[in-house]
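Chemist: Protein chains in written order, with my numbering: chain A, 50 to 327; chain B, 50 to 327.
Everything labelled a hint here was simulated from the structure, so no lab data went into it.
Same chains, same names: a pair is fine if it fits in one copy or spans any two.
Dumping the calculated DSS-like pairs for lysine-lysine here, alpha-carbon to alpha-carbon at most 30 Å:
no., residue 1, residue 2
1, Lys207, Lys183
2, Lys298, Lys204
3, Lys207, Lys59
4, Lys207, Lys54
5, Lys265, Lys183
6, Lys204, Lys183
7, Lys204, Lys54
8, Lys298, Lys183
9, Lys207, Lys298
Bear in mind the structure is a predicted one, so any value in this text is a computation, not a measurement.
Number of protein chains: 2
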Amino acid sequence: MSAMKGATTKTVNVGGTSFAYREVGAVGGIPLVLLHHVTAMLDDWDPAVVDGLAAERHLILVDLRGVGASGGTTPDTFEAMAEDAVAFVEALGLGTVDLLGYSLGGIVAQLIAQTHPGLVRRIVFAATTPAGAKGPASTGAVLQAAAQRAASEGKHPKNFLFFEPTPASQEAADSFLHRLEERTEDRDTPVTDETIAAQLTALASWEQDASPAGLKNLNHPALVVNGDNDAMWPTTGTLELAQALPNAKLAIYPDSGHGAIFQYHDLFVQQTLEFLRG
Amino acid sequence: MSAMKGATTKTVNVGGTSFAYREVGAVGGIPLVLLHHVTAMLDDWDPAVVDGLAAERHLILVDLRGVGASGGTTPDTFEAMAEDAVAFVEALGLGTVDLLGYSLGGIVAQLIAQTHPGLVRRIVFAATTPAGAKGPASTGAVLQAAAQRAASEGKHPKNFLFFEPTPASQEAADSFLHRLEERTEDRDTPVTDETIAAQLTALASWEQDASPAGLKNLNHPALVVNGDNDAMWPTTGTLELAQALPNAKLAIYPDSGHGAIFQYHDLFVQQTLEFLRG
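Could you put the whole structure together from the sequences, leaning on the hints where they help?
Modeler: Set out below in structure tokens:
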């Protein structure tokens with residue numbers, strides 16, 4: 050059984066609100082906190098990625114406020130989400146963490162690193178963009194279109210959101226979706242429409258933000274990863290992020306999109322572990 | 050024996066000047082003309098790429114004016130190089146061609162497509178940039194630094210110019226360099242310092258050009274390929290090219306640089322053949 054599949058869902062009191070989380074991998078060293086994408090909860094993390102990273106790292110997966118089994122109402126700003134994430138890390142009594150922020154979670158990670166630089170050692174930004182880049186404000190429309198197409202074609206929306214239409218990428222999509230179903234017991238609670246609406250509001254503001262100026266002070270070593278044809282948040286934004294960060298290494302995977310880290314889970318795990326060994 | 054290894058070097062009279070070229074793959078269909086990089090001649094094309102593409106396409110490799118065994122003096126503008134390439138294609142009596150322009154050759158391909166759109170059907174742009182993007186003007190300095198480092202470390206300059214410092218990329222570099230030595234008979238003539246100087250002059254002008262404005266009319270289907278960490282001409286330029294072209298598909302390969310198409314020759318061949326089938 051995969052470590053991800055068997056991980057217990059725990060809760061911690063964060064300022065009066067219960068946050069759901071799971072720990073995977075042996076405790077020790079600097080933990081890697083995984084920050085989820087829009088619409089996602091704990092079961093949306095790819096077991097292949099989680100197990101691969103957990104072979105060498107202590108991973109902490111969290112549902113932010115209002116997400117999945119966590120209590121409270123999802124805030125509609127990234128500043129508030131970042132404050133929640135920081136409070137969660139502090140509630141666990143952790144002094145320093147590494148971050149893996151995927152998509153929306155990558156924006157939360159940018160805010161955490163800017164407001165609490167001392168809390169963070171290294172950051173993996175996956176399929177995410179700096180403020181002002183194209184993509185985030187259209188997320189709601191893209192989710193809708195993918196849901197309709199999925200219904201009419203008998204597919205999962207993630208087939209279209211996270212993967213390319215090529216045969217190789219669609220095959221990877223099917224494998225990924227199968228892995229997400231491996232865990233059958235103690236599954237997390239799906240997010241509510243209210244949570245998604247709050248996340249989409251935050252994303253719309255993110256794209257309208259003037260510029261990623263603050264990133265020039267984000268000096269943490271960063272690994273910036275995406276697919277070469279991200280249909281949700283164009284890959285150009287990923288490159289803008291890597292360029293804006295003073296200490297970033299870029300990793301782009303071929304024939305892949307927003308879910309490139311799931312399509313190339315072995316390569317992503319290898320590059321991330323090497324980066325975190327630093 | 051590979052088709053590339055056994056290809057005869059031929060010449061054709063182009064307005065009074067002898068141009069050297071080789072044909073690989075069965076004649077038939079629209080030929081694919083390969084346009085070389087700075088400092089390169091016919092033997093600098095990767096046999097793995099050439100043989101892979103020649104399995105399905107009629108390839109024509111050419112030394113432009115003043116390069117390798119071709120006569121004349123290398124011009125110091127891309128406009129003149131493009132005119133030479135067009136005259137070469139016409140001298141062979143070809144009506145329509147596909148182009149594979151690698152690095153400097155990708156700039157020549159941009160000019161050909163803009164000045165003679167009807168001559169070209171589809172274009173593969175590899176490791177190249179639009180006018181005004183960073184990289185080309187520093188090529189001379191980068192070549193010098195790589196040559197010095199190669200001498201001191203007992204390596205080939207292409208280890209540093211075309212590949213990443215990671216173990217996987219350096220291993221690919223060694224395989225690539227080995228493949229370039231497979232052909233032992235009828236090898237081409239190395240380029241002269243005079244030719245390199247003219248090419249570097251053209252490259253300096255290219256970076257100083259105001260903008261790639263003309264690309265919005267380059268409507269040919271294009272495949273734009275590079276590594277995710279091109280140390281010669283930054284990968285951002287590759288994305289700028291893909292964005293500026295109205296009909297481009299992007300393909301970026303991980304853990305690789307300017308020589309990504311050689312490092313990932315199987316994937317590049319597969320994606321290029323699929324693109325050319327179009």
